[in-house]
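Enquirer: With our numbering as the guide, the letters of the sequence shown map in order to residues 23 to 118.
Because the hints were derived from the structure by calculation, they are not lab data. A few of these clues could be false.
[What the hints assert, rightly or not] Below, computed lysine to any residue pairings styled on SDA-like, alpha-carbon distance capped at 25 Å:
1) 53 - 85
2) 53 - 91
3) 42 - 89
4) 53 - 78
5) 42 - 23
6) 42 - 93
7) 38 - 89
8) 53 - 66
9) 42 - 64
10) 53 - 87
11) 38 - 56
12) 53 - 73
13) 44 - 26
14) 44 - 55
15) 53 - 43
16) 38 - 81
17) 53 - 67
18) 53 - 90
19) 42 - 77
20) 53 - 64
21) 53 - 35
22) 44 - 93
23) 42 - 75
24) 38 - 49
25) 53 - 74
26) 42 - 92
[Claimed, not checked] Now the in silico label distances, taken between C-beta atoms and shown as ranges:
27) 53 - 94: 38 to 46 Å
28) 39 - 75: 17 to 25 Å
29) 94 - 39: 20 to 28 Å
Glycine residues also receive a C-beta, built at the ideal position from the N, C-alpha and C atoms.
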Amino acid sequence: MTNNVRTTGQLGPILKQLRKAKGWSQIELGKRIGLSQERISVIENHPERMSIDQLLTVLMALEAELRIEPRNFLSAKASVKTVVTGSLKIKPREPW
23 MTNNVRTTGQ
33 LGPILKQLRK
43 AKGWSQIELG
53 KRIGLSQERI
63 SVIENHPERM
73 SIDQLLTVLM
83 ALEAELRIEP
93 RNFLSAKASV
103 KTVVTGSLKI
113 KPREPW
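Model the full assembly from the supplied sequences, consistent with the hints where possible.
Expert: Structure (structure tokens):
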């Protein structure tokens, strides 16, 4: 499963989905990474309040990874000015 994330609002539900797919409560995830249940709740409901370090720690615990790839170029018909931006793709990590 691959998820494209372009806003912080899209990130929280994906993290929650990954956690629930493992059958973990917020308490269980928190114990695994040394954070309180309250902090996990904030991360899932307000992902803009977490650091990149916390994001990577959560993803590691959930056996997911962060990939940054350029978006496809907009077609000339869709836009006079082509803008290159990045997007985040989060998908489960492959086994080692």
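Enquirer: Work down the list of hints and note, for each, if the structure agrees.
Expert: Evaluation of the provided hints:
Of the supplied pair hints, the one linking residue 53 and residue 85 holds, its CA atoms being roughly 16 Å apart against a limit of 25 Å. Between the alpha carbons of residue 53 and residue 91 the distance comes to roughly 32 Å, so the proposed pair goes past 25 Å and is violated. With a C-alpha separation of about 21 Å, the suggested pair residue 42 and residue 89 falls inside the 25 Å cut-off, and the hint holds. This hinted pair checks out: residue 53 and residue 78 have alpha carbons roughly 16 Å apart, not beyond 25 Å.
Simply put, residue 42 and residue 23 have alpha-carbon atoms about 14 Å apart, close enough for the 25 Å limit, and the pair holds. Distance restraint check for residue 42 and residue 93: the Cα-Cα separation of roughly 29 Å exceeds the 25 Å cut-off, and the hinted pair is therefore not satisfied. Between residue 38 and residue 89 the alpha-carbon distance is near 18 Å, which keeps this suggested pair within the 25 Å criterion. Of the supplied pair hints, the one linking residue 53 and residue 66 holds, its CA atoms being roughly 16 Å apart against a limit of 25 Å.
Taking the CA atoms of residue 42 and residue 64, the gap is near 16 Å; set against the 25 Å cutoff, the hint holds. A C-alpha spacing of about 20 Å is found between residue 53 and residue 87, which places the hinted pair at or below 25 Å, so the restraint holds. Among the hinted pairs, residue 38 with residue 56 is consistent with the structure: their alpha-carbon atoms are about 17 Å apart, no more than 25 Å. For the given pair, residue 53 sits about 18 Å from residue 73 by alpha-carbon distance, which is consistent with the 25 Å threshold.
For the hint linking residue 44 to residue 26, the alpha-carbon distance of about 20 Å falls within 25 Å, and the restraint holds. Under the criterion of a C-alpha separation no larger than 25 Å, the hint pairing residue 44 with residue 55 is consistent with the structure, at around 15 Å. Annotation: proposed proximity of residue 53 to residue 43 holds, straight-line Cα distance about 17 Å (limit 25 Å). Note on residue 38 and residue 81: the hinted pairing holds, with a Cα-Cα distance of about 11 Å set against a maximum of 25 Å.
Note on residue 53 and residue 67: the hinted pairing holds, with a Cα-Cα distance of about 18 Å set against a maximum of 25 Å. At roughly 28 Å between alpha-carbon atoms, residue 53 and residue 90 are farther apart than 25 Å, so this suggested pair is violated. For the given pair, residue 42 sits about 17 Å from residue 77 by alpha-carbon distance, which is consistent with the 25 Å threshold. For the given pair, residue 53 sits about 15 Å from residue 64 by alpha-carbon distance, which is consistent with the 25 Å threshold.
A distance of roughly 20 Å separates the Cα atoms of residue 53 and residue 35; the hinted pair therefore holds under the 25 Å criterion. A hinted pair counts as satisfied when its Cα atoms are at most 25 Å apart, and residue 44 with residue 93 does not qualify at roughly 30 Å. Note on residue 42 and residue 75: the hinted pairing holds, with a Cα-Cα distance of about 21 Å set against a maximum of 25 Å. Note on residue 38 and residue 49: the hinted pairing holds, with a Cα-Cα distance of about 12 Å set against a maximum of 25 Å.
Taken as a hint, the residue 53 and residue 74 pair is honoured in the structure, with Cα atoms around 19 Å apart against an allowance of 25 Å. About 29 Å separates the Cα atoms of residue 42 and residue 92, which puts this hinted pair outside 25 Å; it is violated. At roughly 40 Å, the beta carbons of residue 53 and residue 94 sit within the given window of 38 to 46 Å. At about 22 Å, the beta-carbon gap between residue 39 and residue 75 stays in the expected band of 17 to 25 Å.
Remark: the range hint 20 to 28 Å for residue 94 to residue 39 is upheld by a beta-carbon distance near 25 Å.
The structure fails hints 2, 6, 18, 22, 26 (numbered hints given earlier, in ascending order).
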